[in-house]
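Trainee: Chains L and E are the protein sequences, given in the same order. If you're matching positions, the first sequence starts at 1 in the numbering used here and goes up one per residue. If you're matching positions, the second sequence starts at 1 in the numbering used here and goes up one per residue.
It is worth saying that the hints were derived from the structure and are not from the lab. Since the structure is predicted, the reported quantities are computational estimates derived from the model, not experimental observations. Keep in mind that the hints are not guaranteed to be accurate.
In silico DSS-like cross-links for lysine-lysine, where the CA-CA straight-line distance does not exceed 25 Å [unchecked claim]:
no.	chain 1	residue 1	chain 2	residue 2
1	E	7	L	145
2	L	145	E	4
3	E	51	L	37
4	L	88	E	51
A few chain E positions that, by computed beta-carbon distances, are all more than 10 Å from chain L [unchecked claim]:
no.	residue
5	4
6	6
7	7
8	9
9	20
10	25
11	27
12	54
13	72
14	76
15	105
16	116
17	119
18	122
19	136
Virtual Cβ for every residue (Gly too), placed ideally from N, Cα, C.
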Amino acid sequence: MISTAVALWCVLLVLAPLLAHMDLVAPSGILYLFFSKICHQQASRSFFIFGKQMAVCSRCTALYFGFLFGTLLYPLLQRTMKDLQPPKILLLFAAIPIVIDFSLGGLGILENTFLTRSITGLILGSVVAFYIIPGLKNIFMEFSKK
Amino acid sequence: MESKPDKLVPAVIGGAIMGVISAVPGLNMINCLCCAGVILGGFFAVYFYKKNLGDTELNYSDGALLGALAGVFGALIGALLSAIIGVNFDQMFQQMMQYSDEIPQEAIEMIENLQNNKGALFIMSAAMGLVIDVIFGLLGGILGVAILGKKK
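Using the sequences and the hints given, assemble the complete structure.
Mentor: Printed below as a string of structure tokens:
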């Protein structure tokens, strides 16, 4: 269920350019407007498909798809490992690359690239899933008990 | 059954953090890092709640509720602050036009169509902000419990 919700979110990222490609300006515009609330949507920092830019920038795209990857990986690893909530320090280690990449670019010290934005986004997104899923599972279990 | 501390005040504080980060120009750049400001608001709602919780265990449903509530307050405070600071739709549109080569044309056309109906644009924008703030606030709340809670 969690993977489905995250997959749906990722589909919306692709749907915006697809609808734009099909000249369905109004629904595509609503999607782009919605995602403009959470992303700068600069064309020079975005992936393009169907000749149109994705609904969010390359860093955000990588982060959401990384999160989706994490939600798909979680049940597979759960079969072999008992405790799947990693130590808190791992979250910090996963966040450091994206913060460095973002800060160096923001301060104009070292310009980040599509590759660095994608890799750092994928790392943080996939690791964060391992902290969110146990929490959501816990909530569902609490509600099913009630 | 043990009583738990009030959730309203920590949620308002978390929402205020979200709202300030979202509305203040320059500071709102933090949200360009994948909504970090909104997630931080949810996280801080859990942090302030935990301070009043004492030795009682922090659970995920409380964290999610705090984060989502902080999202509601964050959206309201953000919209209010934007109005006070004076960020209006005409300014927003002019700013968008400056960077029109960098922003999806479909989004610009959508705003152009709604320019004559500012009420609809405001309601649509506020509704979208509310949905985003609740989703990311909730995730921030869950992350807050994962980080601040005791590992079983």
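Trainee: Just checking, residue 20 of chain E versus chain L, shortest CB gap more than 10 Å?
Mentor: holds (16 Å)
Trainee: Over 10 Å from every CB of chain L: does residue 122 of chain E meet that, or does the non-interface label fail?
Mentor: holds (13 Å)
Trainee: Holds or violated: are the alpha carbons of residue 51 of chain E and residue 37 of chain L at most 25 Å from each other?
Mentor: Not satisfied, since the Cα-Cα distance of roughly 31 Å exceeds 25 Å.
Trainee: For residue 119 of chain E, is the shortest beta carbon distance to chain L beyond 10 Å?
Mentor: Given that every Cβ of chain L is farther than 10 Å from that of residue 119 of chain E, nearest at about 16 Å, it holds.
Trainee: Verify this label for me: residue 4 of chain E is non-interface relative to chain L, using a Cβ-Cβ cutoff of 10 Å.
Mentor: Given that every Cβ of chain L is farther than 10 Å from that of residue 4 of chain E, nearest at about 14 Å, it holds.
Trainee: Does the no-contact call for residue 6 of chain E survive, Cβ to all of chain L over 10 Å?
Mentor: holds (20 Å)
Trainee: For residue 136 of chain E, is the shortest beta carbon distance to chain L beyond 10 Å?
Mentor: Answer for residue 136 of chain E: violated, closest chain L Cβ roughly 7 Å.
Trainee: Does residue 25 of chain E clear chain L by more than 10 Å, comparing its Cβ with all Cβ atoms of that chain?
Mentor: Holds, because the least Cβ-Cβ distance between residue 25 of chain E and chain L comes to about 13 Å, which exceeds 10 Å.
Trainee: Checking the smallest CB distance to chain L, is residue 9 of chain E really beyond 10 Å?
Mentor: holds (22 Å)
Trainee: Would the pair residue 7 of chain E and residue 145 of chain L pass a check requiring their Cα atoms to be no farther apart than 25 Å?
Mentor: holds (23 Å)
Trainee: Decide if the proposed pair is consistent with the structure: residue 88 of chain L and residue 51 of chain E, CA atoms, cutoff 25 Å inclusive.
Mentor: holds (19 Å)
Trainee: Does the claim that residue 7 of chain E lies outside the interface with chain L hold up, using a Cβ gap greater than 10 Å?
Mentor: Check passes; 15 Å lies beyond 10 Å.
Of the numbered hints listed earlier, those contradicted by the structure are 3, 15, 19.
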